[in-house]
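*Asks:* Residue strings, one per chain:
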Amino acid sequence: MKLPSPSRSIDSLRHPWLWAGPGALVGVAMIVFSVLAWASPAPAQGQPAGPAAVKPVSSNKAFVGAGQELYLDHCSACHGIGGIGGKAPELLDVGPAAVDFFLSTGRMPLASPNLEPQPHQPYFGPVQIAQIVAYVNAIDIANGTPGPGIPVVTPACSAETPRCPTLSEGNALYLLNCAQCHDASGSGGELSHGYIVPSLRSATPTQIAEAIRVGPRPMPNFGPGELTDQQVSSIADYIAYITGRPDPGGLGIAHFGPVPEGFVGIIFGLGILLVVCRIIGNRG
Amino acid sequence: MTTVQERSAARKRAKRQEQILDWVDDRFGSSKWLRSAMDKIFPDHWSFMVGEIAMYCFLILILTGVYLALFYTPSSAIVHYAGPYKPLDGQSMTEAYQSVVNISFSVRFGLLMRQAHHWAANIFLAAIAFHMCRIFFTGAFRKPREVNWLIGVTLLLIAMLEGFSGYSLPDDLLSGSGLRVVFSIIEGIPWIGPWLAFNLWGGAFPGSGAFLERLFVIHEFLFPLLLAGLLGGHLAILWHQKHTDFPGPGKTEHNIVGSRLWPQYTVKSTALLMFISAVVFGLGGLVQINPIWIYGPFEPSRSSAGTQPDWYVGWLDGALRLMPHWEFRSFGLEIANPVFPGIVLPGVVFTVIYAWPWIDKRLFRDYAEHNLLDRPRDRPLRTALGVAALLFFTDLTLASATDLIGNGLQISFELLIEILQYGSFIGPIVGFFVAYQACLLLQTTQAHPIQRPVGGIIVRDAKGAFHTLGASHNGDHADGDHADHGDHADGEQSDGHRRGGQAAGVAGTSEDAPPSAAPAAHSALPPTSHS
Amino acid sequence: MTHEPSVSGLPGAWDDAPDAPVSPALGHHSEHVVALPAVMTGTHGAEEGAGAGTPWPDDVPPDQDDTWFPLRDDPWRARRMEYLIAAFFAVTGACGIGIMVAYVDGAQTQWEGSFFALATLCLGIGLVLWARWLLPGHDIVASRGHHTSGPEERALVVASLSRGADAMLTRRGFLAKKVLLPVGGIFGVALIWPLASLGVRPGLSLFHTKWYAGCHLVTEDGTWVHVDDVMVDGLLTVYPEGNIEDAASPAVLLNIGGAAMQARPGQAGFEVKSAGNGLVCFSKICSHAGCAVSLFNVLSMQLICPCHQSTFNILQDCKPVFGPAPRPLPQLPLGVDTNGYLISVSDFVEPIGPGFFDRSDWKPSDG
Chain H
1 MKLPSPSRSI DSLRHPWLWA GPGALVGVAM IVFSVLAWAS PAPAQGQPAG PAAVKPVSSN
61 KAFVGAGQEL YLDHCSACHG IGGIGGKAPE LLDVGPAAVD FFLSTGRMPL ASPNLEPQPH
121 QPYFGPVQIA QIVAYVNAID IANGTPGPGI PVVTPACSAE TPRCPTLSEG NALYLLNCAQ
181 CHDASGSGGE LSHGYIVPSL RSATPTQIAE AIRVGPRPMP NFGPGELTDQ QVSSIADYIA
241 YITGRPDPGG LGIAHFGPVP EGFVGIIFGL GILLVVCRII GNRG
Chain L
1 MTTVQERSAA RKRAKRQEQI LDWVDDRFGS SKWLRSAMDK IFPDHWSFMV GEIAMYCFLI
61 LILTGVYLAL FYTPSSAIVH YAGPYKPLDG QSMTEAYQSV VNISFSVRFG LLMRQAHHWA
121 ANIFLAAIAF HMCRIFFTGA FRKPREVNWL IGVTLLLIAM LEGFSGYSLP DDLLSGSGLR
181 VVFSIIEGIP WIGPWLAFNL WGGAFPGSGA FLERLFVIHE FLFPLLLAGL LGGHLAILWH
241 QKHTDFPGPG KTEHNIVGSR LWPQYTVKST ALLMFISAVV FGLGGLVQIN PIWIYGPFEP
301 SRSSAGTQPD WYVGWLDGAL RLMPHWEFRS FGLEIANPVF PGIVLPGVVF TVIYAWPWID
361 KRLFRDYAEH NLLDRPRDRP LRTALGVAAL LFFTDLTLAS ATDLIGNGLQ ISFELLIEIL
421 QYGSFIGPIV GFFVAYQACL LLQTTQAHPI QRPVGGIIVR DAKGAFHTLG ASHNGDHADG
481 DHADHGDHAD GEQSDGHRRG GQAAGVAGTS EDAPPSAAPA AHSALPPTSH S
Chain X
1 MTHEPSVSGL PGAWDDAPDA PVSPALGHHS EHVVALPAVM TGTHGAEEGA GAGTPWPDDV
61 PPDQDDTWFP LRDDPWRARR MEYLIAAFFA VTGACGIGIM VAYVDGAQTQ WEGSFFALAT
121 LCLGIGLVLW ARWLLPGHDI VASRGHHTSG PEERALVVAS LSRGADAMLT RRGFLAKKVL
181 LPVGGIFGVA LIWPLASLGV RPGLSLFHTK WYAGCHLVTE DGTWVHVDDV MVDGLLTVYP
241 EGNIEDAASP AVLLNIGGAA MQARPGQAGF EVKSAGNGLV CFSKICSHAG CAVSLFNVLS
301 MQLICPCHQS TFNILQDCKP VFGPAPRPLP QLPLGVDTNG YLISVSDFVE PIGPGFFDRS
361 DWKPSDG
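Chains as they are written, first to last, in the working numbering: chain H, 1 to 284; chain L, 1 to 531; chain X, 1 to 367.
Treat the hints with care, since some could be wrong.
Here are the computed lysine to aspartate or glutamate pairs in the EDC-like style, where the Cα-Cα straight-line distance is at most 20 Å [claimed, not checked]:
(1) Lys87/H / Glu116/H
(2) Lys61/H / Asp73/H
(3) Lys32/L / Asp66/X
(4) Lys178/X / Asp166/X
(5) Lys319/X / Glu414/L
(6) Lys143/L / Glu369/L
Since the hints were derived computationally from the structure, they do not count as laboratory data. Remember, it's a predicted structure, so these values are computed and weren't measured experimentally.
Here chain H stands alone, though its shape is the one from the complex:
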């Protein structure tokens, strides 16, 4: 007397040890999720604390001279000799913050003045950047129009203190002034005419502070009349805080809110359950 199969289900139920496969997969997925959730990205570099609100820029002649060499080779074709401008805007009043920002985020140098500056691996090393910054700073001072200096971001309170006015101030200012473009979680967004608002999750606190002061177009700027140096530093600290620590709820997905959450809920949540139904139920 033959034993018919109870129903036309998949053969893995004849052989219970085949459950080990899916079971192991689920277990591995859980471990991977947990590790991803708990692994924190490398914390952004903090700047050394100091009483000055802006970082001093070297005026050493040799240093500035090296910067001038680099400038002539890489920048003068568009920005003109001595920063007087040409195909690209003039640099006579931009200040160290702008130069440092554009160079350290790799937005400059651009291959052509018609291109849109995009974040990139920096083309220059830190020392070279400092030299070019020093050179442009020297031009600006000579022109009598020094621009915004590189903000110093003082680190927020240590983990042990129960209160942290810096982070709290940064949170409030960020949500009022920045979140509409950069998203509450710092993941970025989009402006009109296709300008992409970049994510802040991989920016250093200094770069964030520089961007606030400089307002690299199409971003608006926020001058000292709007935000004090301390407030700028707080905003940068806040972003470093939320992007630097593991998300308390687990995997952050894309940090973009309900849209990726909905994807995960439907495709993983309901999807896994449909597979489960398929295994439990019949197919015919």
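With chain H fixed as given, assemble chains L and X onto it according to the hints.
*Replies:* Okay, now just chains L and X, sitting in the frame of chain H:
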């Protein structure tokens, strides 16, 4: 092989069961009902369990919801945060928001429960949507199940509102923006709009201090009661009418094939509940959802990029984005722009969905009772319309994420919105034709891929006589087999079928068509091309 | 698919796989299913018409083997299956302990979630294995019976209903139709009348904000805004002094530098110009659905709303150029007090925010 001990243990067990059932019957006279309940048959097809997924998600939502309600404070009073999450330290916020931040960071299990609750809500609606699609595409809404369809669509509607009100309770920036949009939609309704909006909110936006309490009552009390009541009705009707089933070997309009409620179905259903809990709590613990501490408390002067509602309301938000900037003004009166995508569109959509069983009857001239389901391919017109509708909603849902998609794909939202505007009617039209053709193609392929063909094989013996193989058939299979591919048990024919079926069905056929007609049709045809 | 014609009459002729019955729905042992009683498929009941005597109580089919389960006749495999199920349940138990330990140890969300998920997962797997292999009740066939009533019952219920309906409607028609119906309507409306107390009437509140002549612009913390505070290409969110919480009043102050503003009729001269600076102030509440508009694209001089991507050209007095917004953002008339702090000259000259029915101030000819 029963041993002496096992037999005596079995006798003891039987005696105890007898005692318990006697006790119950003495009070309720329940034996007959209990027996029919325990013996009740439920078909086992996997897609029939999706409604159960929704039901169990609802159960999980209630359990986690009660837990959350114990810690939530429905109050708009302004307080200053002094808890462990530093970036909110000292900031002013409503007590409601503070209580949710406390649940997340100060209550053990709190964040797990909150996230599990939210994930369960997302899966709840996904399951309802899938279930509704399954009912639609297989024609399970046909007589006698039209009322159950109406109840089901109402459940969908209330579930959507329940979800929306639920994630608006924490009063964070994201959900507060959503409430502002809904306020504006209601405000735009002609004549009664501003009065109605002010009435619901208790004043100008963001409403009086009582608004969050009202939302709390609606979310905790009014809607769950409605959902539970309607769900009870939904299940009671299903219980009484019995579940539909796919056509297949041995299945007819008059029998039902499946597992008994006790013990098979009960245990498997409990197992499904366990799997759903596993997924919900797995997601709740391992994947972050709705981090309200990142959004901060709602302020009318703040907004964030990536402001979208939860996915099941996404189609409405997308409709708002895709709507051209029309507004109508005359005689000093105006009909505001958000009214069209926010009130007119869902009104039309839900009217059509509610009326669908009757539209379907008219469309296919099929007023008969059905207990066997259609395969989607056997009703190409219905399937194609359903596919078109799904594409429409998908287009609208994608439209709600234009800034994120633009950010991800590096294209402007102007272009994206324009594409999706055209796509909202081109997509469904193209999808209609593709689905229709796909159905026709599938009909001519092999038999149903997961059923084996059953029907008569006619053999001619040496004397020239014809015999139908499978003498046990006796015409018993006639009602359910697919040998003549598309002929239904009651003598009707499916539409659009290439092998000679006409689009018109047989109007007014009673559910008990004499089976003598069917065997005649059955034996008249040769083995089909798909055998 | 090929079929071996067989004259044995056994349904097993259909399949190449010999152990799969043709009609598994009709029982597990093919040799039992040579000739089903017609009653099993319900055609008997069908022939006799609706309700005319289903042969046995609903859903309790005789003649089917109710005690069969797949491992009934293989106790050794059954025992192994039991051990496997027990192993899964044991994992569930261990995870239960894990949940409690994790709770005591600070209740880390990821650990709790993983333990809970694994516990329920293993419980579910154990239950499925149990049901599938060790419990009976698979693939039973039963009659659907008739969920409808027969003609006699239907006649009786009509008689019961008409007992009352006749009396109420035909002989007491005056009471039922002419009195009760209108009274019921009025009473029904009266019952829902208290809902009106849920909220205040809008009155004129949608037409005005808290800005007034001489009101200082302040930031979120109440500080007055000076005419030099905002640099060119900068923006600042401002509120009316003393009414920072008002939801309709927030505005966005922009410095457009030397660019020329094409004001709409009725809004000329609202900006404050000084050397190289051009300060303009617009309502922050979107004219589409009320979200806060403050994405500022400096290159195209546009304000964008994050909710539905409505885009406003700043230099055309915030005229909407893309997206669903149908009307421009109203501009706040700015002035400067004697110390150089910004004030509003008056309230907005039109209602802010989304449209509503009796909002009659703005006409398309306004531009």
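*Asks:* What's the verdict on Lys143/L and Glu369/L, does the C-alpha distance respect the 20 Å limit or exceed it?
*Replies:* Holds, at roughly 5 Å.
*Asks:* Is Lys178/X close enough to Asp166/X, meaning Cα to Cα at most 20 Å?
*Replies:* Measuring from Cα to Cα gives roughly 16 Å; hence the hint holds.
*Asks:* Holds or violated: Lys32/L with Asp66/X, Cα cutoff 20 Å?
*Replies:* holds (18 Å)
*Asks:* Has the given pair, Lys61/H with Asp73/H, been kept, meaning a C-alpha gap of at most 20 Å?
*Replies:* Given pair Lys61/H, Asp73/H holds - Cα atoms ~18 Å apart, limit 20 Å.
*Asks:* Measure nothing beyond the straight line between the CA atoms of Lys319/X and Glu414/L; if it is 20 Å or shorter, mark the hint as holding.
*Replies:* Status holds; Cα separation ~17 Å.
*Asks:* Does Lys87/H pair with Glu116/H here, judged by a C-alpha cut-off of 20 Å?
*Replies:* holds (14 Å)
Of the numbered hints given earlier, the model fails none.
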